[in-house]
Amino acid sequence: MAQKIKVFIDTFYYQAALSGIRTYINELVLGAKNSKNNNIEYLFSHDINHWDQNHKFLNPKNRLSRLCFHVYYFFWKQIILPFKILKHKPNVLICADYVAPLWRLQTLKLCVIHDTLFWDYPKNYNPLWRKYYIKLISLGLRGNSSVITTSNYVKSNLESLFLKQNFSIKVIYQSFLKSKIDDDRILKTLNLEDSNFLLHVGSFDKRKDLITLVKAFKLLKEDRKNKHLKLVLAGQKILNGNAEVLKELERYILTNNLSKSILMTGYLSGAEICSLYKKALIYVFPSIEEGFGIPVLEAFAMKTPVVTSNAAAMVEIAEGAAQHYNKGDYTELFKTLTKLIISKPKRNHLIEKGSERLKAFSREKFIKDYEQFILNSVTN
1 MAQKIKVFID TFYYQAALSG IRTYINELVL GAKNSKNNNI EYLFSHDINH
51 WDQNHKFLNP KNRLSRLCFH VYYFFWKQII LPFKILKHKP NVLICADYVA
101 PLWRLQTLKL CVIHDTLFWD YPKNYNPLWR KYYIKLISLG LRGNSSVITT
151 SNYVKSNLES LFLKQNFSIK VIYQSFLKSK IDDDRILKTL NLEDSNFLLH
201 VGSFDKRKDL ITLVKAFKLL KEDRKNKHLK LVLAGQKILN GNAEVLKELE
251 RYILTNNLSK SILMTGYLSG AEICSLYKKA LIYVFPSIEE GFGIPVLEAF
301 AMKTPVVTSN AAAMVEIAEG AAQHYNKGDY TELFKTLTKL IISKPKRNHL
351 IEKGSERLKA FSREKFIKDY EQFILNSVTN
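For the sequence shown, counting from 1, position 69 maps to 69 in the UniProt record's numbering; every step adds exactly one.
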């Protein structure tokens, strides 16, 4: 019997990751554990179930805590993880968080780069930290390495950034966690049981462009027909101690007397988010830049019509199953939302197309695409 290909998955960053990478690692682990491929054996650096109830490094406001985690992260990636690879001798190492060990290992390193935000938006990051992190990513791609990414849009960006590098770049569409339970108590808590509302799920990151959504919502509220319409912004309000976006939104909401109509919930559980998706009139994703866009798939799964900006990755992922507007143009977003609010047939059409598009993003397809790439890479 042929020897199995041994694949080691680094799950260390799961304990600190926000929703995007956290979902990716979770789906990769679940896909691997449920795989029926007899030619591959999976090993995991950590049991992620231990971290599901304990996020001690998740977006702490304390700078010292963040610094300690980054030191610990470096120590893990460059010292502990390489020793584990030497001990277990896997054929393949998967690092789902941009960074692989800088050492030239015999093991094939598959490094997942979800987007090119570090390169494209330098002003969004501390200059020294950004320079350090980009260098860390580049060093991790030395030797026997390949890059896995989440969309053809990101692949194109990476090919431009790494023109002289000698590694392959493979697009593998990820899956997402389909919530099996909901918690309708959140609807009562937020007084949404009898209300129509627009929904956004995601952290208050500057690139999410929530101010454009709030400005479009203000125009909607000027129409008396939308008197009772609400906007729910669900997600982490402060990122790494940075409250800039939150303060901008609070100022605008207060100035325009929208406090009773716009709800900023903060972090919610998956079950609570599921209930909001199911009840929402429309899911709106105004982000100016994404590498993939998991909430688009989550909304499709909950049969909620979707409106996004025309950011390239979201247009690619939605593939005709969502309405798009020119990013940053709140007047066009207002017009797009108005057409959907008044037309149930248009909303139903988007729901049907979303359900069909969702078939391209199953967990089974996600892990099979990984396994096919691994088999091709190792056997060749």
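Misleading hints may appear alongside valid ones.
Derived lysine-lysine pairs resembling DSS-like cross-links, with alpha carbons at most 27 Å apart [said to hold, decoys possible]:
id	residue 1	residue 2
1	Lys303	Lys353
2	Lys218	Lys335
3	Lys365	Lys344
4	Lys123	Lys84
5	Lys178	Lys353
6	Lys4	Lys36
7	Lys170	Lys335
Have a look at the derived ranges for each label pair, beta carbon to beta carbon [stated by the list, open to error]:
id	residue 1	residue 2	range
8	Gln3	Ile80	25 to 31 Å
9	Leu30	Gln372	15 to 21 Å
10	Ser259	Arg104	41 to 47 Å
Note that these hints are calculated values from the structure, not bench results.
Since this is a predicted model, take the numbers as computed values, not measurements.
Cβ coordinates follow ideal geometry from the N, Cα and C atoms, glycine included.
Against the structure, the hints come out as follows:
1. Lys303 - Lys353: holds, 10 Å
2. Lys218 - Lys335: holds, 12 Å
3. Lys365 - Lys344: Violated - the C-alpha atoms of lysine 344 and lysine 365 are around 32 Å apart, more than 27 Å.
4. Lys123 - Lys84: violated, 36 Å
5. Lys178 - Lys353: holds, 18 Å
6. Lys4 - Lys36: Holds, at about 13 Å.
7. Lys170 - Lys335: The given pair, whose Cα atoms are some 38 Å apart, is violated under the 27 Å limit.
8. Gln3 - Ile80: 25 to 31 Å: holds, 26 Å
9. Leu30 - Gln372: 15 to 21 Å: holds, 18 Å
10. Ser259 - Arg104: 41 to 47 Å: At 57 Å between Cβs, range violated.
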